[in-house]
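I would like the entire structure built from these sequences, with the hints used as guidance.
Listed in order, the protein sequences are those of chains A and B. Using the numbering used here, you'd call the opening residue of the first sequence number 506 and step up by one each time. Using the numbering used here, you'd call the opening residue of the second sequence number 506 and step up by one each time.
Keep in mind the hints are simulated off the structure, nothing from the lab. Treat each hint with caution, since some may be false.
One copy or two, it doesn't matter: identical chains are merged, so the pair holds either way.
Stated by the list, open to error - Below are the PhoX-like pairs computed for lysine-lysine, each with C-alpha atoms no more than 25 Å apart in a straight line:
1) Lys720 with Lys709
2) Lys602 with Lys686
3) Lys720 with Lys733
4) Lys710 with Lys722
5) Lys686 with Lys518
6) Lys523 with Lys616
7) Lys789 with Lys710
8) Lys720 with Lys523
Protein chains: 2
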Amino acid sequence: MSRDPAAEALVPKFQFEKLLNQDQAGRRVVLLGSIDDVPALLIAERAPFAADPEHLSSFASSLANVTNLGNNDIYKWYLASSSSASASADSQPPDLKINLFHPCTPQLIAKYSRQGIRVVTETPTVYAEHVRPYVLRKQAEGRVNWVFNILEGRTEQEDVMYREHGPEGFLVLPDLNWDRKTVTALHLLGIVERRDLLSLRDLKKEHVDWLRHVKRKLVDATLGMYPKLEWDQLKFYVHYQPTYYHLHIHIVHVELEAGATQAVGKAISLDNIISQLETMPDGKGMADVELTYTIGEASELWIEVFEPRRKELRDNA
Amino acid sequence: MSRDPAAEALVPKFQFEKLLNQDQAGRRVVLLGSIDDVPALLIAERAPFAADPEHLSSFASSLANVTNLGNNDIYKWYLASSSSASASADSQPPDLKINLFHPCTPQLIAKYSRQGIRVVTETPTVYAEHVRPYVLRKQAEGRVNWVFNILEGRTEQEDVMYREHGPEGFLVLPDLNWDRKTVTALHLLGIVERRDLLSLRDLKKEHVDWLRHVKRKLVDATLGMYPKLEWDQLKFYVHYQPTYYHLHIHIVHVELEAGATQAVGKAISLDNIISQLETMPDGKGMADVELTYTIGEASELWIEVFEPRRKELRDNA
Chain A
506 MSRDPAAEAL VPKFQFEKLL NQDQAGRRVV LLGSIDDVPA LLIAERAPFA ADPEHLSSFA
566 SSLANVTNLG NNDIYKWYLA SSSSASASAD SQPPDLKINL FHPCTPQLIA KYSRQGIRVV
626 TETPTVYAEH VRPYVLRKQA EGRVNWVFNI LEGRTEQEDV MYREHGPEGF LVLPDLNWDR
686 KTVTALHLLG IVERRDLLSL RDLKKEHVDW LRHVKRKLVD ATLGMYPKLE WDQLKFYVHY
746 QPTYYHLHIH IVHVELEAGA TQAVGKAISL DNIISQLETM PDGKGMADVE LTYTIGEASE
806 LWIEVFEPRR KELRDNA
Chain B
506 MSRDPAAEAL VPKFQFEKLL NQDQAGRRVV LLGSIDDVPA LLIAERAPFA ADPEHLSSFA
566 SSLANVTNLG NNDIYKWYLA SSSSASASAD SQPPDLKINL FHPCTPQLIA KYSRQGIRVV
626 TETPTVYAEH VRPYVLRKQA EGRVNWVFNI LEGRTEQEDV MYREHGPEGF LVLPDLNWDR
686 KTVTALHLLG IVERRDLLSL RDLKKEHVDW LRHVKRKLVD ATLGMYPKLE WDQLKFYVHY
746 QPTYYHLHIH IVHVELEAGA TQAVGKAISL DNIISQLETM PDGKGMADVE LTYTIGEASE
806 LWIEVFEPRR KELRDNA
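This is how it looks when you write it as structure tokens:
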């Protein structure tokens, strides 16, 4: 399993049929096609730039087809091509990463096909009448039993990084996407012990002190594990909709490259939820506000709750 | 001020001195250097792929220097170069976006250099006593004059994609980071005409109807320009802190890859601000809440306002 000239000969034989997806800000394309009449998937991504000074010294002068698009005082913007058509083009570092699946299966095609995403506005009424009942049905089916198993010490105990019992109790796990090493990419989950908070929708003004205490304890627990970190290098947020309905708080290093997990429409700052609750009248809470968020077209909530009400949502938007 | 061959002649004259930063997973480099002995910043980003079938049909066969890196059953991975050294290279779509600041100021160099990031909590008091006076000083120095120039029709009129006058008036510009083509990466800015709203901090409960109207008009304007888009494929958010203090709303396609511009601690959903204002008592507004956000250690606000109060902030956190 290493370099293989025969593998290199496959790429130019790829016959394009269909663009399955384009993501990473348009910088990745997933192409369905065939090679020798056998289905194949070709995924092309823009590569990182080479950062060595030799390359960077000749970078600007090596550009081809520099086309000015705009010009405002000291600021100008352009399109350009990285390789010139001259003989020196072969000495340019590669600018593409290519992945090839050949032959490719229908499962791979489904996995790499584009899933539509929609923005929905969940009013307090839609939450109370449709979303909360959906969540409770999923609870009854045992969808968060795995969380209870960790909280009760039955499974995954080797992953528990910190644990504290009591009314403000919680445990800390590494997020699945963290490599568990790179501190500037730190991503932890704080899972609270109490079971009455299914999501941020259950947070009320009366929980403000409790939330502040839990947050302070999560800061202390994280700094205790990573003494070189400082308290103001940590960001706290929750997801709505979350992946599972038991309140859990994401803790990330402030320099973690921001991706979908931190995006507006998915992540809401814990601190801003606390300050939002503080300005509400007594007795009110996050179940009383409209929440606007993004949702996949393949999700049950889209199919069961929002898609059937799409026209009505549009009229109220 | 539109396309400018003289501007194109500047790029190859760029003399590289130093790599200031590399981000976006390595796909953006910020180079400090000079042109004609005057300091200049050159920012290069990988461009999105062209998605038209003609280009994609010849994409695989046009690749140069295909180098196999690994091979595991049906899965193979490679590096490659997008433009071949043949005469057809000129017909390849551009694969780079270049931004040039020339002459560039020390402030721009600081802004684009790699810097530490901190999380700060801006209380209503810190806002009123320190941040708002800072913002007003910057206004007095003319920092948003360029916005007024666009609003008054003096500059950049060819970039104005849509304009509507009146109390709910606004204009729509492409965001600097958008290639102005790829609809799934759409990123527009809606800049309001009124000048009394410097940032989201100036939004009050009384602005709820105004905000809803402006948002609806921004939706209509965007769908008018891109009829294939649907209303629930657009996300709206504002930044705090913003880059400039004149209320502007980011409008992005829901499939735009989420990066720093959309990250929690920087972006706040416009819809959630509206619903937050709705649950506030009359007369209150966003100036009355704590806002927690991220800020660069090289920023004036960090140096002048937050760093000197760091111990006090820690004690209150």
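Give the relationship of lysine 720 and lysine 733 under a CA distance limit of 25 Å: within one copy only, between copies only, both, or neither.
Within one copy only: 19 Å inside a chain, 44 Å across chains, cut-off 25 Å.
Between copies, within a copy, both or neither: which fits lysine 720 and lysine 709 at Cα up to 25 Å?
within (16 Å within a copy, 28 Å between copies)
Between the shortest in-copy and the shortest cross-copy C-alpha distance, which are at most 25 Å for lysine 710 and lysine 722: within, between, both, or neither?
Answer is within; shortest intra-copy Cα gap is 20 Å, inter-copy 34 Å.
With 25 Å as the alpha-carbon cut-off, assign the pair lysine 602 and lysine 686 to within, between, both or neither.
both (13 Å within a copy, 23 Å between copies)
How would you label the pair lysine 686, lysine 518 (within, between, both, or neither) given a Cα cut-off of 25 Å?
Cα proximity of lysine 686 and lysine 518: none, with 28 Å in one copy and 29 Å across.
Intra/inter-copy verdict for lysine 789 and lysine 710 if alpha-carbon distance must be at most 25 Å
both (6 Å within a copy, 17 Å between copies)
Lysine 720 and lysine 523: within-copy, between-copy, both or neither at 25 Å Cα:
neither (43 Å within a copy, 36 Å between copies)
With 25 Å as the alpha-carbon cut-off, assign the pair lysine 523 and lysine 616 to within, between, both or neither.
Answer is within: at 15 Å inside a copy they meet the 25 Å cutoff, but 42 Å across does not.
Consistency note: the structure conflicts with the earlier hints numbered 5, 8.
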